[in-house]
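Colleague: As given, the protein sequences belong to chains Y and E, one line each in that order.
Here the working numbering is used: the first residue of the first sequence is 334, the next is one more, and so on.
Here the working numbering is used: the first residue of the second sequence is 94, the next is one more, and so on.
Keep in mind that the hints are not guaranteed to be accurate.
Only pairs whose alpha carbons sit at most 25 angstroms apart, straight line, appear in this in silico SDA-like list of lysine to any residue [stated by the list, open to error]:
no., chain 1, residue 1, chain 2, residue 2
1, E, Lys573, Y, Arg366
2, Y, Lys375, E, Gly322
3, E, Lys593, Y, Asp398
4, E, Lys189, Y, Glu394
5, Y, Lys375, E, Arg291
Quick look at which bits of chain E chain Y covers, simulated, 3 or more residues with Cβ under 8 angstroms [stated by the list, open to error]:
no., region
6, 285-297
7, 304-318
8, 597-607
Please keep in mind that the hints were generated in silico from the structure rather than gathered at the bench.
The model shown is predicted, which means the values in this text are computed figures rather than measured ones.
Glycine is no exception: its CB is placed at the ideal position from the N, C-alpha and C atoms.
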Amino acid sequence: MMEGRMSTRILDEIGANADDDAVRAFLLDVLYREAEGLRWWKDFYMRMIAEHCEVGERQDENRNDKD
Amino acid sequence: MRIETIRIRNYRQFRNLRLSFDKRGQHDLHVIIGRNGTGKTNLLNAINWCLYGDEPHLSRSSQQLPLLNLSCIEHTESGSSCVVFVELSVTSDDGKQLVFKRRAEYTVHKDRDAAIPQLAKPESLEVRLLDDRGNTKLLSDEEAESCVERFVPKRLRDFFFFDGERLDNYFREATAQNIRYAVHGISQIDLLQRMENRLETVVKDLRKSAGKQNPRIDVARQLLEKTEGELAEAEKEIEESKTQGAIARSRIQEYEERLRAVPDVASLQKERDDLKEQREQVERFRAAKVKDKEALLVHYATILPLWDAIAESKRIISVKRQNREVPPPVHRVFLEKILKSKRCTICGRELGPESEERVKELLHDIRLSSDVAQQLMFMEPSLRTFEGSIREFAQSIGRVTKEIDRYESDLARIERRLGEIDRNLESYNVDAIREWHQKRKTFEHIRAQIQRRLGSLERHKTDLEKKVRIFDEQLDKELKREEKVMRLRRELDFCEKASKVARRTKETILAETRERLEYETSSTFLELLWKKGTFSGVEIGEDYDINVTHAMGYPCLGSLSAAERELLALSFTLALHGVSGFSSPILIDTPVARVSDVHRVNFASVLSEVSADRQIVLLFTPAEYSDDISGSLDQLASTRISLRLSSDETETSAEVL
Numbered sequence: 334m335m336e337g338r339m340s341t342r343i344l345d346e347i348g349a350n351a352d353d354d355a356v357r358a359f360l361l362d363v364l365y366r367e368a369e370g371l372r373w374w375k376d377f378y379m380r381m382i383a384e385h386c387e388v389g390e391r392q393d394e395n396r397n398d399k400d
Numbered sequence: 094m095r096i097e098t099i100r101i102r103n104y105r106q107f108r109n110l111r112l113s114f115d116k117r118g119q120h121d122l123h124v125i126i127g128r129n130g131t132g133k134t135n136l137l138n139a140i141n142w143c144l145y146g147d148e149p150h151l152s153r154s155s156q157q158l159p160l161l162n163l164s165c166i167e168h169t170e171s172g173s174s175c176v177v178f179v180e181l182s183v184t185s186d187d188g189k190q191l192v193f194k195r196r197a198e199y200t201v202h203k204d205r206d207a208a209i210p211q212l213a214k215p216e217s218l219e220v221r222l223l224d225d226r227g228n229t230k231l232l233s234d235e236e237a238e239s240c241v242e243r244f245v246p247k248r249l250r251d252f253f254f255f256d257g258e259r260l261d262n263y264f265r266e267a268t269a270q271n272i273r274y275a276v277h278g279i280s281q282i283d284l285l286q287r288m289e290n291r292l293e294t295v296v297k298d299l300r301k302s303a304g305k306q307n308p309r310i311d312v313a314r315q316l317l318e319k320t321e322g323e324l325a326e327a328e329k330e331i332e333e334s335k336t337q338g339a340i341a342r343s344r345i346q347e348y349e350e351r352l353r354a355v356p357d358v359a360s361l362q363k364e365r366d367d368l369k370e371q372r373e374q375v376e377r378f379r380a381a382k383v384k385d386k387e388a389l390l391v392h393y394a395t396i397l398p399l400w401d402a403i404a405e406s407k408r409i410i411s412v413k414r415q416n417r418e419v420p421p422p423v424h425r426v427f428l429e430k431i432l433k434s435k436r437c438t439i440c441g442r443e444l445g446p447e448s449e450e451r452v453k454e455l456l457h458d459i460r461l462s463s464d465v466a467q468q469l470m471f472m473e474p475s476l477r478t479f480e481g482s483i484r485e486f487a488q489s490i491g492r493v494t495k496e497i498d499r500y501e502s503d504l505a506r507i508e509r510r511l512g513e514i515d516r517n518l519e520s521y522n523v524d525a526i527r528e529w530h531q532k533r534k535t536f537e538h539i540r541a542q543i544q545r546r547l548g549s550l551e552r553h554k555t556d557l558e559k560k561v562r563i564f565d566e567q568l569d570k571e572l573k574r575e576e577k578v579m580r581l582r583r584e585l586d587f588c589e590k591a592s593k594v595a596r597r598t599k600e601t602i603l604a605e606t607r608e609r610l611e612y613e614t615s616s617t618f619l620e621l622l623w624k625k626g627t628f629s630g631v632e633i634g635e636d637y638d639i640n641v642t643h644a645m646g647y648p649c650l651g652s653l654s655a656a657e658r659e660l661l662a663l664s665f666t667l668a669l670h671g672v673s674g675f676s677s678p679i680l681i682d683t684p685v686a687r688v689s690d691v692h693r694v695n696f697a698s699v700l701s702e703v704s705a706d707r708q709i710v711l712l713f714t715p716a717e718y719s720d721d722i723s724g725s726l727d728q729l730a731s732t733r734i735s736l737r738l739s740s741d742e743t744e745t746s747a748e749v750l
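Produce the complete structure using the sequences and hints provided.
Modeller: Structure follows, in structure tokens:
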């Protein structure tokens, strides 16, 4: 509802600052949920960290395999 | 985002009120006109109560009255209950409908002397969300509050719902903190900050979990967290010192501005003292000259009365000489001596026959004159001497009189200037000015102390940062050694990376927002002013302290007129809107109360321009809605509403004009 220009700006800037895809995806997921209002934040964060960390690891492994 | 309707039931003057703000034409501009006491400001309070549960613009008279409408209390039987609610229907930019509604229930207790409403059910806020398909979602408690925060964040509300009467005080009272909140809020830095803080908590939890697996990890963790704690303390102290420094700076500025507006008392006092000294000196000179004059008069006192006698004597001699009754002015003895020696006693030459004959004739003539004539002849040189003296007196007395006149004119000039200075000093409170000087000095001293403290804190912070890096590396080594915590270590690394990105993003956006806000505020403010050359711009410093720079280069926020401050607040608000992309409506109560002349029309024309892009609701008194204002707004306004108070002053009704 209140996503103004700055929200887009934040998303763009996160995209520019994060060179790790998994970190970028994690931050965007969390940011959207924070903007909506997050009540049980700790569980959500732990789950997101675990999920994205795993994705990141898999991506690293795939990259290593290709190399 | 726009307000479609406001419905109010039993809230203060409003027994049952519904205001619609339909947009007609290009301008989303709405004018509400009402005399004092009809509830214009309470309309502003009603919106605040609905959204945030408080009434920040409550007048002293309203503070003494219950929130429940008086007419409702009167018409409710004792023991019965009454519901108060304010409902705000809003349309979001993407066409979704939101209804914010706060309600409270009161029970009215009556006895012979009084009717007292008591809160029966606590106030509650609910938000109804209507999607495109007509489905309704009901939000309450924290979810509803979070929705309000996304409509207009509470700490930014002063930039959206103004009270014109108080607006001119906003930047006078504003601390850097207000601006910081505004910048953080509009740039949604809060989200990033919250994310960063939560990631920090998660990192601590992960470290603790790892510490449970291995005591060496736990020792390294404790050491790191202890130092991190000290670092956080130092950072907090630095922030506090910066805030204190900003306060001291703004106070110094305030006193400097006050002192700039009054004469330099010290230099006026000095001039006064110098003038007094000069007056004494001139008075001394004048007294000396008066004495000289008196001495002259005394000196010539015996001769002066003879002036007429001398003139008469000289006249008689002159007449007698013309009648040849007076011998030529030559002494007989002198002539006899010349004839006897046959030589001129003056040039020493011998007398020739012709000259001798002439001297004899002269002697003959003198012998012929009477004794009186002789006397007169001898008197003449003395008379001439006296006459000379008297003429000399006239010159001397004229000169002295002139000097006395000059000293008297100097004294009059000094007296005039002393009078001016006294009046000038009397019109200002000299004691207060002295106190301002003193306070400025005190705050300068405080600021210097804070600067020194900041220097040592910054050094301490750098040391702690180094320590944190070392302990972090130690912890990392310990974590790497322990196979069991491999997973935790990866998650920790991940969190730290994410936290770093969030921090970098936050810093970039913050700097960018501040700069854009400064630029937009400055250009709008300079555009709005009719005195184009007075100010050179608006600055929002690194510490978020806002200031207006005079064309001469000095900061002059405190010396802005009420109208200028209102224009500044409006410029800042418009800049906030522009930079944030927030399209929330602007509601201004008594917008031009403190604005006069050219600024009024300027203000009205700017607001009409702004209403082309966003909803503006203006609440005027009839006196405020003068011809020059109505001339420009009547044509543009989508709605014009008049508020009227009932004859018993308990209920306000609205009439669409």
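Colleague: Would you say the region 304-318 of chain E counts as covered by chain Y, given the rule of at least 3 residues with C-beta under 8 angstroms?
Modeller: With 0 residues in contact (Cβ-Cβ under 8 angstroms with chain Y), the coverage given for the region 304-318 of chain E is violated.
Colleague: Verify the proposed pairing of E/Lys573 with Y/Arg366, using a straight-line Cα cut of 25 angstroms.
Modeller: violated, 33 angstroms
Colleague: If you look at each residue in the region 597-607 of chain E, do at least three have a Cβ nearer than 8 angstroms to any Cβ of chain Y?
Modeller: holds (count 6)
Colleague: Under the criterion that the straight-line Cα-Cα distance not exceed 25 angstroms, is the pair E/Lys189, Y/Glu394 satisfied?
Modeller: With Cα atoms ~45 angstroms apart, E/Lys189 and Y/Glu394 exceed 25 angstroms; violated.
Colleague: Quickly compare the C-alpha distance for Y/Lys375 and E/Arg291 to 25 angstroms and report which way the hint goes.
Modeller: Between Y/Lys375 and E/Arg291 the Cα gap is close to 8 angstroms, so the pair holds against 25 angstroms.
Colleague: Are there three or more residues in the region 285-297 of chain E whose C-beta lies within less than 8 angstroms of some C-beta in chain Y?
Modeller: holds (count 7)
Colleague: Under the criterion that the straight-line Cα-Cα distance not exceed 25 angstroms, is the pair E/Lys593, Y/Asp398 satisfied?
Modeller: violated, 28 angstroms
Colleague: For the pair supplied as a hint, Y/Lys375 and E/Gly322, confirm whether the alpha-carbon distance does not exceed 25 angstroms.
Modeller: This hinted pair holds, its Cα atoms lying about 21 angstroms apart.
Checked against the numbered hints given earlier, the structure breaks hints 1, 3, 4 and 7 and satisfies all the rest.
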